[in-house]
Amino acid sequence: MTYILKPKLHHPSLPKNDLGLTRRDYEGKVSTLCAGCGHDSISAAIIAACFDLAIEPHRLAKISGIGCSSKTPDYFLSQSHGFNSVHGRMPSVLTGANLANRDLIYLGVSGDGDSASIGLGQFAHSIRRGVNMSYIVENNGVYGLTKGQFSATSDKGSKSKKGVENTESGIDLVALALQLGATYVGRSFSGDKEQLVPLIKGAISHHGPAFIDVLSPCVAFNNHAGSTKSFDYVREHNDAVNRLDVILGRTPITATYAPGEVREVTQHDGSVLRLRKIHEDYDPTNKIAAANYLQERHAEGEIVTGLLYVDPNATDLHDRLETTARPLNHLGTAELTPGAAALAKINASLR
Amino acid sequence: MTYILKPKLHHPSLPKNDLGLTRRDYEGKVSTLCAGCGHDSISAAIIAACFDLAIEPHRLAKISGIGCSSKTPDYFLSQSHGFNSVHGRMPSVLTGANLANRDLIYLGVSGDGDSASIGLGQFAHSIRRGVNMSYIVENNGVYGLTKGQFSATSDKGSKSKKGVENTESGIDLVALALQLGATYVGRSFSGDKEQLVPLIKGAISHHGPAFIDVLSPCVAFNNHAGSTKSFDYVREHNDAVNRLDVILGRTPITATYAPGEVREVTQHDGSVLRLRKIHEDYDPTNKIAAANYLQERHAEGEIVTGLLYVDPNATDLHDRLETTARPLNHLGTAELTPGAAALAKINASLR
Amino acid sequence: MPDTITEISGAKPAPLTAVNDFVVKFANVNGSGSASANGLFAKSIIRMGVAVAARNIFPSNIQGLPTWYEVRVSGQGYLGRRGGVDLAVPLNPQTWDDDVKEIVPGGYLFYDSTKPLPASKFRDDIHVIGVPLTQLCNDAYKIPRERQLFKNITYVGALSHLIGIDPAVMETLLKEEFASKPKLIGANLNAFNMGRDWAAKHLMPIGLQLKHSDVVGNRIFVEGNAAAALGAVYGGATVCAWYPITPSTSLAEAFTGYCEDLRTDADGTKRYAIVQGEDEIASIGIVVGAGWNGARAFTCTSGPGISLMNEFIGLSYFAEIPAVIFDVQRGGPSTGMPTRTQQSDLLLAAYASHGDTKHVMLLPCDPGECFEFGALAFDLSDRLQTTVFVMLDLDIGMQEWLVEPFKWDDKRQLDRGKVMTAEQLEAGAFFGRYTDVDKDGIPYRTYPGTHPTKGAFFTRGTSRNRMAGYSEKGIDYQDNMERLLAKFKTAATIVPKAVQRPAKQKTRMGALYFGSTTPAMHEALDHLEAQGHHIDAMRVRAFPFGQEVYDFIAAHDEICVVEQNRDAQLRSLLMIEGNIDPARLTSILHYDGTPITARFLADAIGNRMQAQKGVRQVGKKPGPNP
Amino acid sequence: MPDTITEISGAKPAPLTAVNDFVVKFANVNGSGSASANGLFAKSIIRMGVAVAARNIFPSNIQGLPTWYEVRVSGQGYLGRRGGVDLAVPLNPQTWDDDVKEIVPGGYLFYDSTKPLPASKFRDDIHVIGVPLTQLCNDAYKIPRERQLFKNITYVGALSHLIGIDPAVMETLLKEEFASKPKLIGANLNAFNMGRDWAAKHLMPIGLQLKHSDVVGNRIFVEGNAAAALGAVYGGATVCAWYPITPSTSLAEAFTGYCEDLRTDADGTKRYAIVQGEDEIASIGIVVGAGWNGARAFTCTSGPGISLMNEFIGLSYFAEIPAVIFDVQRGGPSTGMPTRTQQSDLLLAAYASHGDTKHVMLLPCDPGECFEFGALAFDLSDRLQTTVFVMLDLDIGMQEWLVEPFKWDDKRQLDRGKVMTAEQLEAGAFFGRYTDVDKDGIPYRTYPGTHPTKGAFFTRGTSRNRMAGYSEKGIDYQDNMERLLAKFKTAATIVPKAVQRPAKQKTRMGALYFGSTTPAMHEALDHLEAQGHHIDAMRVRAFPFGQEVYDFIAAHDEICVVEQNRDAQLRSLLMIEGNIDPARLTSILHYDGTPITARFLADAIGNRMQAQKGVRQVGKKPGPNP
Ligand SMILES: Cc1ncc(C[n+]2csc(CCOP(=O)(O)OP(=O)(O)O)c2C)c(N)n1
Ligand SMILES: Cc1ncc(C[n+]2csc(CCOP(=O)(O)OP(=O)(O)O)c2C)c(N)n1
Ligand code: SF4
Ligand code: SF4
Ligand SMILES: [Mg+2]
Ligand SMILES: [Mg+2]
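Residue numbers (the numbering used here), protein chains in the order written: chain A, 1 to 351; chain B, 1 to 351; chain C, 1 to 626; chain D, 1 to 626.
Be careful, since some hints might not be right.
Computed cross-link-like contacts, DSS-like style, restricted to lysine-lysine with a CA-CA straight-line distance of at most 27 Å [claimed, not checked]:
| no. | chain 1 | residue 1 | chain 2 | residue 2 |
| --- | --- | --- | --- | --- |
| 1 | D | 454 | B | 156 |
| 2 | C | 101 | C | 12 |
| 3 | B | 147 | C | 473 |
| 4 | C | 473 | A | 156 |
| 5 | D | 270 | A | 16 |
| 6 | C | 12 | C | 121 |
Chain B regions said to be covered by chain C (calculated; three or more residues, Cβ under 8 Å) [unchecked claim]:
| no. | stretch |
| --- | --- |
| 7 | 53 to 64 |
| 8 | 74 to 82 |
| 9 | 283 to 289 |
| 10 | 326 to 339 |
In case anyone wonders, no lab produced these hints; they're calculated from the structure. Glycine included, C-beta positions come from ideal geometry on N, C-alpha and C.
Starting from the given sequences, assemble the full structure and let the hints guide the process.
Structure, rendered in structure tokens:
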């Protein structure tokens, strides 16, 4: 996205946060994603959230799996350490990192293939375990990086670029996260900054497993028949040579709407998402009600967005394990090695 | 269990089913499980169900993962092919077997460790996929075969043999199965033949992914402090030498109770399960209601048992893939190999 | 303003001249529409009867990063990479400098001269041809996306004049390519002619020229993944479970396409089942389950998938269940270079999984053999009741190669191996699942559901006796493990034999090679022979190795083992399985992810032969590799 | 009614006689309480100062299947299995016949004579001792479970009389063992005396006798898993992620126990974090994440786990992240023989994962080295920034061994390797994550959170340049892969050196061995020497091999390579890494899942030395293994 392309000269007029940093200080490398990819909008929202919260970039660790979405940590917060690990395993790598140093902020970035297909087990168990993290799934319903196959979140009946129909029931990661004990659960849309930025800020501030499902249109592969668009040389060309030969930049889709409203968002391919933003007076502390509401709306073909559930008194894995307040990776020989005397006692007990 | 030990001489008085077979014909090898293990009761229920349904043993395939529970297919239906595969992967092996021959009945046997820990991903995806199978989890809340560690279904706060407390929220496989699109979902208790046998018969008769969670006490490792029992040389001995040196046979726990009732079942270790048998007038065709009911009762510390949900019009993976009615493994060269003429056409298209 | 071909300054080397023998390299941006234009360029040359080896070098991203398309034109019919670039067409500013560097002295640079470039951007020792492509398209088209799209075919048009592509051939091609969208035929033809006409008006043809020829004959132009998929269809595969991963994805997609065409009944029902698994473990699990139940099943993946499949591969070996795995190798380790080629999974595949295991591998050298081995793999895995790997790589799998047309003998029947039928069981035939009745190490099996009271057995990954009964006895275990070794010996006798390419003169120098190295190797061998270096060469086609491989090694003093990996993996397998003295095996290694070239091989082997005997790239006295 | 020791028929061989040198084998049913009784039996002998090697052979089930406990008593202090049984105590009817078969002629059979057995159940060439154990206990106890439980200690009592166990020693032991449950001390002592008194009344001591000695010295009796776990505590491991699997489970459990004792603060907070992962992939993922973030982390598993961890191991290698994996090897392949021992994961561990990879392995020979290497592994993996395997096996890991007391030097500091500090960065030190500044192949790293504006980098499993920037360039990739090779060379210089055991006389025959084979090998070497077979022996302790290993091989004509696997995996590693001529490496293989014995080794190597030179178990001319 263009802002990432701009040189990082600190224009005096740029607004500063409490740390005296500007947005630039939260940016990363130039994105190599397709122009208009929803994922880049999410990166922008992450940058905005960290800027607003005045997070010291180096106190945050970015961890991801493999996929277009999982590449994005390279495109924001260049002063943070990042780890683009292996496919579907971000949750375990993040869990280990978190155990090593409880003082950093852990941002997990994943895709729907990365988390709902190969990574479903780790997604579920990292949440059960109560890892203190902000787990963001950039959900486009396809495998972007491998060119448009279905992911496990694609709805049954939807058609892929190649016209193949999905025969498996789609997984709602939000419903699962609730089930599995996530203590902060939300959903949003990549193009809805007003909703997404606060949601991310809330997740980062939450102490416990926070999960956000962000619908994020893929311009390259949510680009199939059923499109409403008129004759288009490019699509015709791609169809004829039946390969994805030309991909055009698109402008990112945005969607602003009020709480309580239902908003129909048309994706680049003409397919429509019916987003329902939860009402102000919705009570996000009742888990069973949240799950129920989600199911009912889903039955109506609506996708509920907003902060669905939060447990203000959540605990995290360290609380449960009673680990010492000092980060484990800071402990040295003195704190860790019991020494010869203790060993002599142990020897004695083994005779 | 003793009946398995008996020689298979066909006593004339033995009742026969429509195939003229007796229960003996549905038995298997001598069980090597601990005397009193709930899993053996489930094997007995499977035998009863197959006998009642007059299933031809060789038309059923038994597939399992690894664990005490996964060993059981060797202890019933010795005329059926069985496959004790690898840990946590029964669902994929069963899916493949099912694709190869849609005409057989597929019985998947697994444990809570096998399905809820390492196998959670395959559990979820085989159900989403709509594989026509009866998937039975023999749920004892521990890893029996590796000596009593927690599995992912152990409830938060419960204590293990070694006194360690479980800090992770327990997974309710029934709730997940509903979420994920299972079209037949039930739960029962190993000691409740009256409920379990019909439930298994229903699952076998169901066309689609049928899941049954069967609570099954482990006599060896659900055997920890908190027990109500008075001084016991054996427990004292095991504690003193702190290893599981002596394991005593127990009589299997049984529990018979009426629909609508709540029944408290005390396990060998004195821990208590509060089982709620669903009412006759419960409507098992409303999925959202089922999920909601499950959650509410769970909040009350109750475990709902019975047939929770069934979709009478369910379809299976073959329906969705439109595979031919003939089992794929029966097709020969003529049906599978297009031949030289077709190849010539293809060659031409590649010049 | 840089010179054009019309004005040659004395200083620079004379322009290259060659007929039907040169290398053209395009540099583009992915997602910009160049792929199909470049493809048409290559195909048009083939249609003129001139052999072409075309390679698409693409990034691990979807839009905006650099891609290259290298077209090696060879009148002699060489299909490997040659090395070096004679005519560069750098249309991607990001990579301009590197692209220009690659041009051989006297070579040509074709570029978009719409906006002038500083002289510093060029070289004195090459010949520069400017065509104002952007200008032309901006004048011709209004809609921006059309301007971008048609620019590609426009430069093909200009090139067609410069190197002598027959426009009639191109017209036919366009009609075929866009048959489904007639609207596009004219549009593309116009763009082509626009470029061609501009060039004809302003430029002279260059020294690199095409002439109609008949080297191509009736060969077909096809990707190895498509060929392997078609082989699987002919091999009777009915179950495919896969998980997307570059460069294997197109194999599963091609299988899907061929099955839709060739295995779908009139009523729409399908004689196959394809499942996109949730991951590689599920995919191989489905394959093992299907194989156990008597269907022919396969999965296709790349290195990371093989790593994840390790446990199931061990189960297949020990429980003796047929499974076919197509490993389309890419640059490792880890995620490595997902869009680059390598032969670096051999060692892992050969001994995959914990404990003592050995697995069968087929090593196709081109799409032709991908088809052949793609079908054969299923007969072998049924016969041997174990996993059979077909080891492709990105270069074979995702590039289009010119190969002889696929052949099939209609009398050929699927060999399902040793399967006991209900009739045999009924007749009271002895059945012991793990009993070596035929003394070839291969036991009999039964499919589930075969007979009401006979032939059922229990399959497990734990040790068992000859009757498939659970056993923890050391003798039962060892007996079984020794039989598995015997079975592997049998495998060595039924897998495809290595093929020899004897030198023109008797020589003590030999060379072993395999897979995608083949065409470059053949070209290098010709070249070396011309220099008087005589080498007996042998192409290995399978693992375990047949006796012919060991005999070949024994018949020579020194063997160059050519591989596209860092750790000399084939050499290791030869040592382990054949007890070959490593001092006799000289490694020739190329592993930067680009396909090996004839020039690299000629140099490496040539130098080796110049060098004194005894001095070896790999020391002959004990000690670690240098 | 079979005879007792009091009446010896002339026919049979004279009863064995030996002092402090014999093998006793118990056969029981698991879950019956015999384990602790048998343990007391062994421990009482140790307390008498006599060396004991005790091995528990158990089934893969929880209750009801056969278990054996083999106690090898050795005045010379041999700790390996000897082979053969001198005194059998078969108390499990299921296995009676096999157990009786194993007794050496002239040996003894001790059994429960409560219900008479037909003479056919015995042998003429052994000496039978009947004790009515069941009878005694039924008379003494009313509660059935007590009858079963105390029967075990009762037969120990009877045996104590027969072979001369000091009852005072047993009394002390019982007091220690049941200190937490005083009630049980008297109960057990009574049962012990009941058996002892009955035997004293009816039987004479047998020819196998114990005498107080001082061979044991101040040695400790401990399992390798516990020792390795303690090593991890001393090595500064703070994060443990594991998944239960036999035989590695007790390693994680011991780590938990030791951490509770040694790393828990007064306020109950813990200086460690242990997570039972949902599987092995999650466990290694947690380890890699923790290692990346600067904590010392490990997992422990067995073969199946290594297979599943392959992908992450490749990431650790390529992204250069410290990780420690304890592989407690069991019988493979697949689920194999989960409760048997083997050394069959070497090849997989050495080259785990797809692509070109090489990994460091430590090969401890007993619990003493498990402690030492358990700590060292963390220094090495931090220093080398890669995975370090510690390869135990079930025989070392789950059996109690007599070893020298653990030692620790309080001056020793944890070596965190090349980590850039905030100060260094602040001072402007150059930081290039993958730059080989020290020319040892090892780059510098930073922990996340170190410095606000310096030292942050992006870690990935894809190829990158020296500054950790994403790169698809062949030269960047190759440069990095070559550095990794250089790093592996460095590893060979810092891992534990192999230790020599020179023959008494100069010889051209050498032997290489490692791990749990060690004690049996040492006994066999003594034995062979006595027969005049002189062999220089070397114990390999790590991979990659140090130069000393190659020098040792070069200094001999033939090397016997002893391993407990089928496929001669160590031999393969020697050939691949050291370019050793296989003709010089003779395999001595034992792989039925039982621990290798001194008698097997003496025979195998002895025969080998008798055999003509040139005739080798492994042929020396090219060709597949026989
Ligand atoms: C073990 C493994 N299997 C497969 C792949 C190939 N692969 C790369 S990205 C990807 C899917 C990514 O989908 P998603 O997580 O939804 O990310 P997106 O590209 O859609 O943002 C796959 C299958 C891989 N890298 N590793
Ligand atoms: C890949 C792998 N990891 C670990 C193990 C060890 N293992 C065997 S059974 C088992 C757990 C079984 O628990 P569960 O499925 O609940 O069965 P149960 O014994 O309780 O009936 C484990 C971890 C294994 N066999 N394979
Ligand atoms: S392919 Fe889709 S997901 Fe990937 S970068 Fe392009 S638009 Fe984004
Ligand atoms: S350990 Fe538990 S689960 Fe296993 S057989 Fe015994 S009682 Fe059953
Ligand atoms: Mg996606
Ligand atoms: Mg269990």
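Cross-check of the supplied hints:
1. Taken as a hint, the residue 454/D and residue 156/B pair is broken in the structure, with Cα atoms around 42 Å apart against an allowance of 27 Å.
2. Under the criterion of a C-alpha separation no larger than 27 Å, the hint pairing residue 101/C with residue 12/C is consistent with the structure, at around 15 Å.
3. Among the hinted pairs, residue 147/B with residue 473/C is consistent with the structure: their alpha-carbon atoms are about 23 Å apart, no more than 27 Å.
4. Our distance criterion of 27 Å between C-alpha atoms is broken by residue 473/C and residue 156/A, whose separation comes to about 51 Å.
5. Taking the CA atoms of residue 270/D and residue 16/A, the gap is near 40 Å; set against the 27 Å cutoff, the hint is violated.
6. The hinted pair formed by residue 12/C and residue 121/C meets the criterion: a straight-line CA distance of about 16 Å does not exceed 27 Å.
7. Restraint check on the stretch 53 to 64 of chain B versus chain C: 6 residues with Cβ-Cβ distances below 8 Å, three needed, restraint holds.
8. With 6 residues bearing a CB less than 8 Å from a CB of chain C, the stretch 74 to 82 of chain B meets the requirement of three and the coverage assertion stands.
9. Closer than 8 Å: that is the beta-carbon criterion, and the stretch 283 to 289 of chain B has 0 residues meeting it against chain C, so the requirement of 3 is violated.
10. Against chain C, the stretch 326 to 339 of chain B contributes 10 residues with a C-beta closer than 8 Å to a partner C-beta. That satisfies the three-residue criterion, and the hint holds.
Hint compliance for this structure: hints 1, 4, 5, 9 are broken, all remaining hints hold.
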